[in-house]
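Using the sequences and the accompanying hints, generate a full structural model.
Those protein sequences? They're chains Z and A, same order as listed.
Per my numbering, residue 1 is the first one in the first sequence, and the count goes up by one each step.
Per my numbering, residue 1 is the first one in the second sequence, and the count goes up by one each step.
Hints are not guaranteed to be accurate.
Pulled a few chain Z residues facing chain A out of the computed Cβ check, cut under 7 Å [as the list claims (entries may be wrong)]:
1) Leu106
2) Leu107
3) Pro131
4) Ala138
5) Ala140
6) Pro146
7) Thr148
8) Leu154
9) Val157
10) Phe230
Footprint (simulated), chain A over chain Z, 3 or more residues, beta carbon under 8 Å [what the hints assert, rightly or not]:
11) 27–41
12) 113–122
13) 198–204
To spell it out: a stretch of chain A is covered by chain Z in this simulated footprint if at least three of its residues, at any positions, have a beta carbon under 8 Å from a beta carbon of chain Z; those stretches are [said to hold, decoys possible]:
14) 22–36
15) 100–110
For the record, the hints were derived by calculation from the structure and aren't laboratory data.
Beta carbons: idealized from backbone N, C-alpha and C, even for Gly.
2 protein chains.
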Amino acid sequence: MTESRMSTARLFGVGVGPGDPELLTLKAVRVIAEADVIFAPVRRAGGRSLSLELARAHIDAGRQQVVVLPFPDARGDAAWDGVARQIAETLGADRRGVFLTEGDPLLFGSFGHVMTALRAIAPGIAVEVVPGVSSITAAAAAAGVPLTDYEDRLAIVPATADPAEIERVLLDFECVVLLKVGSVLRERLALLERLGRLDHVVYVRRCGWPDQQIVHDVRALMDNPPSDYFALLIVRQN
Amino acid sequence: MTESRMSTARLFGVGVGPGDPELLTLKAVRVIAEADVIFAPVRRAGGRSLSLELARAHIDAGRQQVVVLPFPDARGDAAWDGVARQIAETLGADRRGVFLTEGDPLLFGSFGHVMTALRAIAPGIAVEVVPGVSSITAAAAAAGVPLTDYEDRLAIVPATADPAEIERVLLDFECVVLLKVGSVLRERLALLERLGRLDHVVYVRRCGWPDQQIVHDVRALMDNPPSDYFALLIVRQN
Chain Z
1 MTESRMSTAR LFGVGVGPGD PELLTLKAVR VIAEADVIFA PVRRAGGRSL SLELARAHID
61 AGRQQVVVLP FPDARGDAAW DGVARQIAET LGADRRGVFL TEGDPLLFGS FGHVMTALRA
121 IAPGIAVEVV PGVSSITAAA AAAGVPLTDY EDRLAIVPAT ADPAEIERVL LDFECVVLLK
181 VGSVLRERLA LLERLGRLDH VVYVRRCGWP DQQIVHDVRA LMDNPPSDYF ALLIVRQN
Chain A
1 MTESRMSTAR LFGVGVGPGD PELLTLKAVR VIAEADVIFA PVRRAGGRSL SLELARAHID
61 AGRQQVVVLP FPDARGDAAW DGVARQIAET LGADRRGVFL TEGDPLLFGS FGHVMTALRA
121 IAPGIAVEVV PGVSSITAAA AAAGVPLTDY EDRLAIVPAT ADPAEIERVL LDFECVVLLK
181 VGSVLRERLA LLERLGRLDH VVYVRRCGWP DQQIVHDVRA LMDNPPSDYF ALLIVRQN
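Structure below.
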């Protein structure tokens with residue numbers, strides 16, 4: 001590693017899409033191929049890195065270093081300082097790195113924290129972001145349901161938010177996507193039933209993966225709701 | 001055209017991303033290359049088709065038919081009946097078509113209307129959607145600002161909506177994207193100033209195109225606000 005004070009190291013946050021390896025962009029493929037180091041986050045140490053699996057076909061393990069980085073236990077940008085420090089040390093003065101994220105890097109993705117922490121710790125490292133296809137639009141595509149057009153308003157809200165708040169959002173917005181619905185699916189379906197909206201809901205689980213599931217008649221889920229974390233509801237007004 | 005009652009015609013709604021030809025997905029490239037007919041919408045007859053320009057490198061004009069389709073003057077799904085009929089007639093019994101859209105086909109895109117109208121007029125034609133990178137995540141990537149993570153809520157609202165409603169959304173959501181801000185930029189910046197939010201706003205115009213403009217200090221826009229239609233504001237809390 002040189003001791004030059006002018007760093008030419010670069011980090012690219014690259015979205016690899018929602019789960020179908022064909023939904024990588026041409027730019028993601030090129031930037032991955034041009035990298036010296038591939039950083040791949042995992043939700044817990046020893047776990048599978050879904051983003052690494054999606055990018056696998058474009059990585060040359062003989063030439064490129066692959067570094068798996070567990071998510072920090074705590075939340076917030078500062079919790080990512082250790083990850084940012086490891087990235088900065090690995091890149092050194094002049095290497096080019098890619099940080100993979102499922103979906104898009106900045107839409108419910110970890111790269112926003114990495115970027116903020118890295119800017120504070122190693123401001124000499126240039127950071128760029130390559131946007132990706134998000135699981136939200138991919139879910140709508142897989143289900144064949146429009147999200148929005150014209151003057152529509154779209155809200156994207158964790159399903160675990162306060163139910164009264166979710167109810168208000170459902171009344172206000174033409175389209176609402178409830179993310180991470182697994183643990184509260186029964187309760188949210190009951191809310192939608194009370195609001196008379198069950199005919200305009202689609203459930204999508206593990207979008208883009210081989211075990212993807214799409215349910216248009218969500219009443220079928222009410223007796224025995226699945227609890228998969230990677231699941232969402234798309235709710236439209238009529 | 002055969003008179004077979006079993007149609008094998010297919011239409012793919014394909015998102016070609018926000019303006020950078022490298023942001024097409026591998027799947028979009030493949031599906032475009034496999035098509036017999038490319039349908040490209042234009043906002044008005046005789047105008048440029050931005051989506052056609054983005055896909056141009058992957059179209060073989062000697063082998064593939066390219067059909068430019070002006071947006072209907074009226075709004076709503078039924079307004080697209082004429083477009084759907086033209087698509088059905090062009091595809092006939094067994095041709096494979098692609099309908100190009102900028103960004104994503106179902107997120108503020110015209111393909112939702114095409115799909116709905118075509119299902120009513122020609123239910124034998126199978127419809128599939130290939131999601132694309134949206135201008136919203138691409139704008140965040142270009143500006144280098146995170147949209148959301150963890151329990152954040154995201155609202156995507158046309159900037160021309162009722163100002164009182166926009167104000168309420170700004171207070172409720174951790175991140176708000178105001179679309180098509182061109183005609184009301186001065187008024188929306190004044191609202192954000194009144195709410196003390198000008199330090200947490202980014203303006204992005206013509207994201208991904210050669211004349212892309214990103215403004216982090218939006219105060220600089222207040223005296224002489226540009227009126228470009230393809231412009232948005234990303235507003236974050238703190």
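Hints, verified against the model:
no.	hint	verdict
1	Leu106	holds, 5 Å
2	Leu107	holds, 5 Å
3	Pro131	holds, 4 Å
4	Ala138	holds, 5 Å
5	Ala140	holds, 5 Å
6	Pro146	holds, 3 Å
7	Thr148	holds, 5 Å
8	Leu154	holds, 4 Å
9	Val157	holds, 5 Å
10	Phe230	violated, 16 Å
11	27–41	holds (count 3)
12	113–122	holds (count 3)
13	198–204	violated (count 0)
14	22–36	holds (count 8)
15	100–110	holds (count 7)
Checked against the numbered hints given earlier, the structure breaks hints 10, 13 and satisfies all the rest.
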